[in-house]
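Student: Got chain U; can you put chain G on it based on the hints?
Keeping their order, the protein sequence lines are chains U and G.
Quick note: the first sequence uses UniProt numbering, first residue 1, plus one each step.
Quick note: the second sequence uses UniProt numbering, first residue 1, plus one each step.
Quick caveat, the hints were computed from the structure, so don't treat them as lab data.
All C-beta atoms in this analysis are idealised placements derived from N, C-alpha and C, irrespective of residue type, glycine included.
Please note that a few of the clues may not be correct.
[To be verified] With a cut-off of at most 30 Å between alpha-carbon atoms, the simulated DSS-like pairs for lysine-lysine come out as follows:
| hint | chain 1 | residue 1 | chain 2 | residue 2 |
| --- | --- | --- | --- | --- |
| 1 | G | Lys205 | U | Lys272 |
| 2 | G | Lys239 | G | Lys252 |
| 3 | U | Lys272 | U | Lys99 |
| 4 | G | Lys65 | G | Lys152 |
| 5 | G | Lys157 | G | Lys297 |
| 6 | U | Lys272 | G | Lys155 |
| 7 | G | Lys297 | G | Lys155 |
| 8 | G | Lys69 | U | Lys272 |
| 9 | U | Lys272 | G | Lys252 |
| 10 | U | Lys99 | G | Lys69 |
| 11 | U | Lys272 | G | Lys272 |
| 12 | G | Lys205 | G | Lys99 |
| 13 | G | Lys99 | U | Lys272 |
| 14 | U | Lys108 | G | Lys99 |
[Claimed, not checked] Away from chain G, derived, C-beta distances all over 10 Å, residues of chain U:
| hint | residue |
| --- | --- |
| 15 | Leu26 |
| 16 | Arg38 |
| 17 | Tyr55 |
| 18 | Glu70 |
| 19 | His74 |
| 20 | Gly80 |
| 21 | Phe90 |
| 22 | Pro101 |
| 23 | Met138 |
| 24 | Phe160 |
| 25 | His161 |
| 26 | Pro191 |
| 27 | Ile275 |
| 28 | Arg290 |
| 29 | Thr295 |
| 30 | Arg302 |
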Amino acid sequence: MRVAVAGAGVAGLSAALCVLEQCGPLVPALELAVYADRFTPRTTSDGAAGLWQPYVQHGGSARETLWNKETFEHLLGRVGSPEAEDMGLFLVSGYNLFKQPVPDPSWKDVVLGFRHLAPQELELFPGYSYGWFNTALMLEGRSYLPWLTKRLMQRGVKFFHKKIDSFQELFAQGADVVINCTGVRAGALQPDAALQPGRGQVIKVRAPWVKHFIITHHPEAGIYNSPYIIPGSDVTVLGGVNQLGNWSEENSAQDHRAIWESCCRLLPALQKAPIVQEWSGLRPVRPSVRLERETIGHGPARSEVIHNYGHGGFGITIHWGCAMAVARLFGSILQERQLLGPLRSRI
Amino acid sequence: MAAPKVAVVGAGVVGLSTALCVADAFPACALAVLAERFTPSTTSDVAAGMLIPHTAPGTPIHVQKQWFKETFTYLFAISNSAEASEAGVHLVSGWQVFKSTPGEELPFWSDIVLGFRTMSEAELQKFPQHRYGQAFTTLKCDCPPYLLWMEKRLKAKGVQMYTRKVENLWELHSEYNIVVNCAGIGAHQLVGDQQLFPVRGQVLKVHAPWVKNFVRDGDGLTYIYPGISSVTLGGTREKESWSLSPDPSTTKDIFGRCCSLEPSLQAAQEVKVQVGLRPSRANVRLQREVWSQGGAKLLVVHNYGHGSGGFSMHRGTAKEAAQLVGECIAALQDSSSRAKL
Numbered sequence: 001m002r003v004a005v006a007g008a009g010v011a012g013l014s015a016a017l018c019v020l021e022q023c024g025p026l027v028p029a030l031e032l033a034v035y036a037d038r039f040t041p042r043t044t045s046d047g048a049a050g051l052w053q054p055y056v057q058h059g060g061s062a063r064e065t066l067w068n069k070e071t072f073e074h075l076l077g078r079v080g081s082p083e084a085e086d087m088g089l090f091l092v093s094g095y096n097l098f099k100q101p102v103p104d105p106s107w108k109d110v111v112l113g114f115r116h117l118a119p120q121e122l123e124l125f126p127g128y129s130y131g132w133f134n135t136a137l138m139l140e141g142r143s144y145l146p147w148l149t150k151r152l153m154q155r156g157v158k159f160f161h162k163k164i165d166s167f168q169e170l171f172a173q174g175a176d177v178v179i180n181c182t183g184v185r186a187g188a189l190q191p192d193a194a195l196q197p198g199r200g201q202v203i204k205v206r207a208p209w210v211k212h213f214i215i216t217h218h219p220e221a222g223i224y225n226s227p228y229i230i231p232g233s234d235v236t237v238l239g240g241v242n243q244l245g246n247w248s249e250e251n252s253a254q255d256h257r258a259i260w261e262s263c264c265r266l267l268p269a270l271q272k273a274p275i276v277q278e279w280s281g282l283r284p285v286r287p288s289v290r291l292e293r294e295t296i297g298h299g300p301a302r303s304e305v306i307h308n309y310g311h312g313g314f315g316i317t318i319h320w321g322c323a324m325a326v327a328r329l330f331g332s333i334l335q336e337r338q339l340l341g342p343l344r345s346r347i
Numbered sequence: 001m002a003a004p005k006v007a008v009v010g011a012g013v014v015g016l017s018t019a020l021c022v023a024d025a026f027p028a029c030a031l032a033v034l035a036e037r038f039t040p041s042t043t044s045d046v047a048a049g050m051l052i053p054h055t056a057p058g059t060p061i062h063v064q065k066q067w068f069k070e071t072f073t074y075l076f077a078i079s080n081s082a083e084a085s086e087a088g089v090h091l092v093s094g095w096q097v098f099k100s101t102p103g104e105e106l107p108f109w110s111d112i113v114l115g116f117r118t119m120s121e122a123e124l125q126k127f128p129q130h131r132y133g134q135a136f137t138t139l140k141c142d143c144p145p146y147l148l149w150m151e152k153r154l155k156a157k158g159v160q161m162y163t164r165k166v167e168n169l170w171e172l173h174s175e176y177n178i179v180v181n182c183a184g185i186g187a188h189q190l191v192g193d194q195q196l197f198p199v200r201g202q203v204l205k206v207h208a209p210w211v212k213n214f215v216r217d218g219d220g221l222t223y224i225y226p227g228i229s230s231v232t233l234g235g236t237r238e239k240e241s242w243s244l245s246p247d248p249s250t251t252k253d254i255f256g257r258c259c260s261l262e263p264s265l266q267a268a269q270e271v272k273v274q275v276g277l278r279p280s281r282a283n284v285r286l287q288r289e290v291w292s293q294g295g296a297k298l299l300v301v302h303n304y305g306h307g308s309g310g311f312s313m314h315r316g317t318a319k320e321a322a323q324l325v326g327e328c329i330a331a332l333q334d335s336s337s338r339a340k341l
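Isolated chain G (complex conformation):
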């Protein structure tokens, strides 16, 4: 049978990494990435790209740990290579501080990040409103560089990229055999998933190159993440808010909260405000389906709903999605050979 034609819908961190995994695992496929938005206009571009996982309620911890570990290991190798600066992947150390001691003292990812330990009294003195803290070293994927780097690698493998708004996955059935749905928050409309909801995040990107360490409040609302060309200050977690417009009073609030964690930020320049809608779900939808209508068929693999964990889990879920694509390819070959009998 002819080489399977595979389309990945979505060009954020999940779409591009999934496309890369499919391209690497199945080089014989004719692969294309279709997206309404490419970097710098994706949700991933708003995120800081810090590898600090959230615990998703609907996925077993050991699975989340496996996805995080795969992602961390993959990025760790990039950060240690000559491509690190082009890929935008770098190590960063810092502190997660809590106003009251958290229930679980050791998060599931504590043995995957580097050097995880409780903060000393001397370190906590820098955070007078906080009583407990964790110090560790983790990775950060800066966007646009990371997305651009993935796009470059995809193009080198002959993967085509098209700016195209897909209204309905079925519209692709005549051009493609397999569609991988990495539409993120777009899946709400694209496949009508009512379990998917936005968690709105507003962030500031500021010029403060003397900030070399990250600081994150354990409540997840206030954070300072130093990147290559800017420091990301956050943030908000507004469930069910679909607004993509920056809110000026939220900007002031974020800035104030971050300055109380890191007073030197008062001197920060060139504040850019961005908004992203985290594609949230009780668990990531990673499954395959067969769509048929009349005599026509479309094999669909879903890989969306990563919420706050897009960067933390992307490589692990991309590999699993690629495995599902492999099952689709096998099914195609199966039905193709059966058709010949």
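Next up, chain U with everything else stripped away, as it sits in the complex:
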């Protein structure tokens, strides 16, 4: 059974690992290969700060809310392990700021210590009259992707630096199942009117005195279109813009100014922080995540695609729940092809 994973961001690599871990022991002849035109550190997942936090509005479907929760709990279980530092995984606390009261988010009981901000704390953030404090997790792509890659290579997964132009190309090479984790460029493999880029730009600075994330929310602006500050293990990430439909991966001077000025207003000491890097990336925005099977062709020649893309600005937040869902779908493919006995309950 040969599986081709298209895409080597957090979605592709975690789906590959989950399929291997869940189904590998059951199917001895399972061969996995990853195909991508960009690998770490050049994927969208590498540019993201890596903060686990779903969108604050109750927009996501019930299954997405569950996948976010599963991801958090999976990571929380590993944050005390010796591997955490290699994974780029650590706890971080911080603030979500609003200009008026908002309902509590669906994930308030998933994160640790969720509470509303006291008036004294709001003094820190003039212009914001309401907010939350909680402890969440950071999972830094530039550590996590290499960590996943290493684990996959140890299990014999092959990696191909190649731009894939069609699913057919992979089937022709002998793949039985394609796991499509091509993110924002999934439309090139199969048109998807629901998928569009949500262009983001970030400024990475050296500001090691910043120990909290600060995420603002402006109701008119939309998610990630107002300033945020996220402290990483090496750099602090300043954002945010979220420009729907903008395919440019070039840094914009105008966006730079807007991000810089708004973040320095939030934290005046940032004015002195040296800029280390600037980066633009395209969030794979979709009204909902596309995570489903698609059978292509008929009869004995039929092939399977498992789609796993459209994670918007919450790819890291949702990745493990999705990876497990992909593994379950893969398990049902195996069962149908009678390569497997009755589905084990652990899948």
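Tutor: Just chain G now, kept in the frame of chain U:
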């Protein structure tokens, strides 16, 4: 009369903050800071600089609370300003965890720090050996940055700084009218205060930049405090120990205790070991005296003995010491005008 000449002895957090308060309150004074050691070699440089007070037995709680509140408010404003990174002052959140539920559940400072509350069950799961905990956000003053920032501000106000070991305060009587004694543990020898005793603390400063939250065991012995360029791991509280040499087996012990609270520390690099002697006393000595010999006089203000609470109380006690300096100045002017009659 000529501008009063004031010398502050000691250049740790207490000496420098006291000098700043005196300079701000009495700009007409000729002010100097004299110290055997400046940053990075003071006791303050060893401390993590966390604003988590200890309860000193000999000072009324309401006074300690007032000092802590003044200090917290002062530093909070700095942390919120453009100078925060230069001053080394930043907010940090975390947990204080207890193996058994403490007697007093609400410490006197719980309404001064931010967001103080009991930890949830889910949060406690991260600390399997502990049964109760408190979560809050407080401030940290990193040294050397905080001391350097105070030195810079003092120099901008024309305050002179001299590296000088003062053997006896009286030796200053011909050069200065008023001496402020912020010698910390040095006061044991300088003024022969037998009530002052060292509580030795050994700490490790490690590179672990992924640690963003503090963790402190309620017993006060084990703590992890993330700073700007290093994480401070502690510690020890050895009464009456004067040894400034790092002890290797203590280092291993501290590291082991901290790793059991925060396992990811196993990956920490570049371990630096430091030792400081907390200048401990039943209460901070904040009082003024008149020393005279022959016809000569020296007005002395004491501000030392902060024990574990140097950072937590420094601004509050500095302001009070400055008030005492004000009383000394008034007394000088008084005797000067009387002398003219």
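Student: Need the list of violated hint numbers for this structure, in ascending order.
Tutor: Per hint list: 9, 13, 20, 21 and 23 violated.
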